[in-house]
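S.K.: These protein sequences, in sequence, are chains X, C and A.
According to my numbering, the first sequence is numbered sequentially starting from 1.
According to my numbering, the second sequence is numbered sequentially starting from 1.
According to my numbering, the third sequence is numbered sequentially starting from 1.
Check each hint, because a few of them may be wrong.
List time: in silico EDC-like cross-link candidates among lysine to aspartate or glutamate, alpha-carbon distance up to 20 Å [what the hints assert, rightly or not]: (1) C/39 - X/73; (2) C/39 - X/75; (3) A/79 - A/2; (4) A/79 - C/255; (5) A/30 - A/78; (6) C/39 - X/127; (7) C/39 - C/52; (8) A/76 - A/27; (9) A/79 - C/256; (10) A/76 - C/260; (11) X/38 - A/78; (12) X/38 - X/127; (13) C/209 - C/33; (14) A/76 - C/255; (15) X/38 - A/27; (16) A/76 - C/52; (17) A/79 - A/25; (18) X/38 - A/2; (19) A/79 - A/27; (20) X/38 - A/80.
Facing chain X, a subset of chain A residues (Cβ under 7 Å, in silico) [claimed, not checked]: (21) 31; (22) 35; (23) 47; (24) 51; (25) 52; (26) 53.
For the record, the hints were derived by calculation from the structure and aren't laboratory data.
Predicted model, so just to flag it, every value in this text is computed and none were measured.
Using N, Cα and C, we set each Cβ at its ideal position, and we do this for glycine too.
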Amino acid sequence: MSTSTLEVFLLVLTLYSLLATAGVSIYGIVARPSIAKKIISLTILGDALNVLAIFIGFRVYSVPPVLLGFDADVDLMEFARTAVDPLPQALVLTAIVIGLAVNLFLVFLALQVYRLYGTLDTRRTRELRG
Amino acid sequence: MRRHIVLVSIVLSVSALAYATTYLGALGPLGFDTRLLAKLFLVYAYNPGAPELTVMSPEAVTSIVWDFRGVDTLYETVVFYMAIVAALAIYRGIGYSSSGVRGAGLSLIVRVVTKILIPMNVAIAVSIAAHGHLTPGGGFQAGAALAVVSVLLAVVFSALSFGKLGVSLARAVALRSAGLLTIAAVVLAPVAFGVATGIRGFLMQNYVKLDSPLAFPTHVSGQLISGTLIWLNLAEFFAVSFGFFVIFMLLSLREDVVREQLGEEHEH
Amino acid sequence: MDITLLLMAFFSSIGLVFAYLAVVERDLVKAIIFSAVQSSAYAAMLYLLRAPDIVLVYLPVAVGLYPAALLFLVGKTEKEDGE
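This is chain X alone, in the form it adopts within the complex (with noise of 0.2 Å):
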């Protein structure tokens, strides 16, 4: 299949793009000081490289990698060449839910943070501990 240049060059954007939103990520994980400004940059960092697996299965021109009128006597080959790939997007199916339940206990560690030294501040609960 012939591809013009500028579909490559969108293709290219969307991948640096979520390149880098998971570089901004990181930098929120590690330099921001508060708990949970580190907990929501951990749910960007999932986002972007969730979006990122599904990204490497795509294809151009495709169709989604569910079977419509499976009844009818339907050509597999034909689907199997027009379909994106489902692999990733069951990985990330997957990844998604155990993501948020993760996510959620980290949010439960916070709560329990806070209790014990009554900020969330990690500047300030290093200083608490000794």
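Model the placement of chains C and A on the given structure of chain X, informed by the hints.
M.R.: Frame of chain X, contents of chains C and A only:
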């Protein structure tokens, strides 16, 4: 002001990098060919012509989640289970009583609209779970959709409404465990049947294999149910949605009541 | 030329801008709202990427449950990202 300069420079550098890689050709072709593995999954997801390889579900994603790579999903369900157990462990010894919950919720208009929306939300969640093997959807999606109901209940009607609806903390944990036990039962059923009858059966077996004739029923009165897929989707729906119910019930508890019950060490 | 690619580049840029705003914003409630806008842009993007399964799970999780849980956290603790 400094913030805007940083933002503009990030956007500009991303565009410049994209321009450079496109027009100077740093990357090969992107997004134009399907991998061989993807083609295999797509062809064998629903393929009555190859019964020992197919899942009998036209939904390729659900086929991968619960059959082709079903053991992965099983372990991820275990991770999900452990995360919720860990959250419960932090709140150990806290009773979910009416004293632990806050006021009357939001205004009458919001409450009436939410009362109309919640049954629709539940219906959509059940539909997503039950049609997961035919159309986009499945246990995880339905569980996330139903979890929204728990947030609506906690925010709009106050956490007291869980008790009025008969969803106690112990009952939510029990329903989640029932979902997990159903998954275990479906996974072990072919092996148990195989041991009982002397036929070879595998863990998580869905349809006939080359050396095992065991198969879950794929059609019920003409309707495609794709063997194990519908049962696993419904069980996962219960496990995920009531897992999140537990979490949001605990999150909506009043902070001073939680501190009182957790003990002296939590005063600061 | 497929309009999908243009929209995809647009939504991913929106996601980048709002992710940056969410990370640098000092008011945590505003940061959560920026993060929800970023999630909405990504949900649109996932639809364009032909992933209806993921849209179904991502919309309630990232636009509904994450902001709710984080607002519960912020409501019980501090409203500001310290300095």
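S.K.: Compare the structure with each hint and give your call.
M.R.: So, going through the hints one by one against the coordinates:
The straight-line distance between the Cα atoms of residue 39 of chain C and residue 73 of chain X is roughly 19 Å, inside the 20 Å bound, and the hint therefore holds. At roughly 13 Å between alpha-carbon atoms, residue 39 of chain C and residue 75 of chain X fall within 20 Å of each other, so this suggested pair holds. Between residue 79 of chain A and residue 2 of chain A the CA atoms are separated by roughly 44 Å; this puts the pair beyond 20 Å, and the hint is violated. Our distance criterion of 20 Å between C-alpha atoms is met by residue 79 of chain A and residue 255 of chain C, whose separation comes to about 16 Å.
Taking the CA atoms of residue 30 of chain A and residue 78 of chain A, the gap is near 13 Å; set against the 20 Å cutoff, the hint holds. Simply put, residue 39 of chain C and residue 127 of chain X have alpha-carbon atoms about 56 Å apart, too far for the 20 Å limit, and the pair is violated. Pair hint residue 39 of chain C plus residue 52 of chain C holds up; C-alpha atoms about 17 Å apart against a cutoff of 20 Å. Of the supplied pair hints, the one linking residue 76 of chain A and residue 27 of chain A holds, its CA atoms being roughly 15 Å apart against a limit of 20 Å.
Of the supplied pair hints, the one linking residue 79 of chain A and residue 256 of chain C holds, its CA atoms being roughly 18 Å apart against a limit of 20 Å. With a C-alpha separation of about 15 Å, the suggested pairing of residue 76 of chain A with residue 260 of chain C holds against the 20 Å cut-off. A distance of roughly 13 Å separates the Cα atoms of residue 38 of chain X and residue 78 of chain A; the hinted pair therefore holds under the 20 Å criterion. Distance hint between residue 38 of chain X and residue 127 of chain X is fulfilled; the C-alpha atoms sit about 19 Å from each other, no more than 20 Å.
For the suggested pair residue 209 of chain C and residue 33 of chain C, the alpha carbons sit about 31 Å apart, so the restraint of at most 20 Å is broken. For the proposed pair residue 76 of chain A and residue 255 of chain C, the alpha carbon gap of about 7 Å is at most 20 Å, so the pair holds. Restraint check for residue 38 of chain X and residue 27 of chain A: the C-alpha separation of about 13 Å stays at or below 20 Å, so the hint holds. Between the alpha carbons of residue 76 of chain A and residue 52 of chain C the distance comes to roughly 55 Å, so the proposed pair goes past 20 Å and is violated.
At most 20 Å may separate the alpha-carbon atoms for a hinted pair to count; residue 79 of chain A and residue 25 of chain A meet this at roughly 11 Å. Between the alpha carbons of residue 38 of chain X and residue 2 of chain A the distance comes to roughly 38 Å, so the proposed pair goes past 20 Å and is violated. Between residue 79 of chain A and residue 27 of chain A, the direct Cα distance comes to roughly 6 Å. Compliance with the 20 Å bound is thereby established for this hinted pair. For the hint pairing residue 38 of chain X with residue 80 of chain A, the CA-to-CA distance comes to about 13 Å; that is within 20 Å, so the pair holds.
Hint on residue 31 of chain A holds. Least Cβ distance to chain X is approximately 6 Å, under the 7 Å limit. Proximity of residue 35 of chain A to chain X holds as hinted, the smallest CB-CB distance being about 5 Å (cut-off 7 Å). Look at residue 47 of chain A: its Cβ only gets to about 10 Å from chain X, farther than 7 Å, so that hint breaks. Checking residue 51 of chain A against chain X: minimum C-beta separation of about 5 Å stays under 7 Å; hint holds.
Satisfaction of the interface hint for residue 52 of chain A is found here, the shortest Cβ-Cβ separation to chain X being roughly 5 Å, below the 7 Å cut-off. Taken as an interface hint, residue 53 of chain A checks out: its beta carbon lies about 6 Å from the nearest beta carbon of chain X, inside 7 Å.
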